[in-house]
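Engineer: The listed protein sequences derive, respectively, from chains A and B. If you use numbering that gives the first Met the number 0, the first sequence closes out at 247, no skipped numbers anywhere. If you use numbering that gives the first Met the number 0, the second sequence closes out at 247, no skipped numbers anywhere.
Mixed in with the good hints there might be a few duds.
Any copy, or any two copies together, can satisfy a pair, since identical chains are not distinguished.
Subject to a maximum C-alpha distance of 30 Å in a straight line, what follows is the list of computed BS3-like cross-link-like pairs (lysine-lysine) [as the list claims (entries may be wrong)]:
| id | residue 1 | residue 2 |
| --- | --- | --- |
| 1 | Lys87 | Lys231 |
| 2 | Lys231 | Lys185 |
| 3 | Lys125 | Lys231 |
| 4 | Lys94 | Lys185 |
| 5 | Lys231 | Lys94 |
| 6 | Lys87 | Lys125 |
| 7 | Lys87 | Lys34 |
| 8 | Lys94 | Lys125 |
| 9 | Lys34 | Lys94 |
| 10 | Lys87 | Lys185 |
Hint data in this document are derived by calculation from the structure and do not stem from the laboratory.
There are 2 protein chains.
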Amino acid sequence: MTYCVGLLVNAGLVFMSDTRTNAGVDNISTVTKMKSWSLPDDRFLCLLSAGNLATTQAAVSLLEERGLHPSERRPSLFTQPSMFQTAKLVGDTLKEVIAYTSPSGQSADSRFAGTFILGGQIRGGKPRLFMIYPEGNFIEASADNPFFQIGEHKYGRPIIVRTYDPEMSLEEASKLLLVSFDSTIKSNLSVGMPLDLQVYEADSLQAGYAQRFDERDPYYQSISDGWSDALKQAFERLPPFVPNRHQG
Amino acid sequence: MTYCVGLLVNAGLVFMSDTRTNAGVDNISTVTKMKSWSLPDDRFLCLLSAGNLATTQAAVSLLEERGLHPSERRPSLFTQPSMFQTAKLVGDTLKEVIAYTSPSGQSADSRFAGTFILGGQIRGGKPRLFMIYPEGNFIEASADNPFFQIGEHKYGRPIIVRTYDPEMSLEEASKLLLVSFDSTIKSNLSVGMPLDLQVYEADSLQAGYAQRFDERDPYYQSISDGWSDALKQAFERLPPFVPNRHQG
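Full structure from sequences and hints, please.
Structural biologist: The following block contains the structure:
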């Protein structure tokens, strides 16, 4: 599996992904699931992927038009007039790749399926965030639904649901995602370190800071250890349970 | 789906289950998934069930030998010499029910499958806790693995993993399970209130207190509201994230 999150706050966008890929528990490897493109002063795009690695890598390669000579490459990602059209391009490419691999056509539960989270901003528009399905269609984040998770999303969901605030700074949002990933990694072998972080500041139209966290990263360690202690203390501060003994 | 947890602490056993059952989102109902039997001074047993409701109810009925005239009922649950033999009886019964319903024999992914958590104590033995699979086999809880979850288990797992302590009192363990259930209910429609709690005090050989929590239960409300606040405060107390700007 995989775990990736894209989060929309007023200050911009925050993306995080794990790097574990596996075909069975005895065949694991590290691969980045995050790809970003920047055309300063014009647009910034970030793509997170889950699912069949051959499918998602092929889709990214097609999007980058790697088949062309480097001097002729002009990614069609950079020529779309809007984030909506960019999401459509990504969805169409994903759908084509899956259809090519699956002899009998593609479906959501195809073993060649993949899912993307796409976020970014194009000059003249707002920062936008999309979840793109194997069928090529997609949904957009909004105030009611300000984040998307793909892959092994259940363990790390409660903390985001309970702590998310649109007024968070990009650093607070990064911290929140680290806690969500740490909770997932503690419970599920198929999500693994290191973690990739990419931040985008609204209206900057260029990549924000990016960082990779491995197990030895001192800040990650302080979050992981600190969260266990903080949870225990929070739990202890909740009112004690006094049973209704007469019901016993 | 369903969410049930059985938890082993030094002080005894704590069981909790939700009560939502559904066949599609437009056909939901409330049903208890917890059943307990007590033969004071001899044994106490509690069974939690997930999966096909017809299967798990049939298995429980067979275990209770409801087919006999009431005056002749002597549940075979009460004649087993050990918790291990009791778990074997439950597993055999479950396997038989599934095999009867599934024309081509049963398998783990059969739509007639069910899973049980069985806990209890028989005079002369210790409190023990088992997870029983549709194939009729089972595993036992231990110090390394002191709790079992069945059904929609992922959302509520991180808080148990991080907060569990074998020295917890039965009341603290009950509080922990309420937090775990509340996190699950906040994220997943297929797990629903009210919640059933059953506590067993080690070596008491009789049922401990039992309680049903609905949405209006003031203690449940204080946990649900308090946990959101406590999580936010815990999150704020974690060290702030300062990006390595040079990597940006």
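Engineer: Hint by hint, note whether the structure agrees.
Structural biologist: Now for the hints, and whether the structure bears them out:
no., hint, in the structure
1, Lys87 - Lys231, "neither (45 Å within a copy, 37 Å between copies)"
2, Lys231 - Lys185, "both (16 Å within a copy, 20 Å between copies)"
3, Lys125 - Lys231, "between (40 Å within a copy, 28 Å between copies)"
4, Lys94 - Lys185, "neither (33 Å within a copy, 33 Å between copies)"
5, Lys231 - Lys94, "neither (45 Å within a copy, 40 Å between copies)"
6, Lys87 - Lys125, "within (17 Å within a copy, 61 Å between copies)"
7, Lys87 - Lys34, "within (17 Å within a copy, 52 Å between copies)"
8, Lys94 - Lys125, "within (26 Å within a copy, 57 Å between copies)"
9, Lys34 - Lys94, "within (19 Å within a copy, 49 Å between copies)"
10, Lys87 - Lys185, "neither (36 Å within a copy, 32 Å between copies)"
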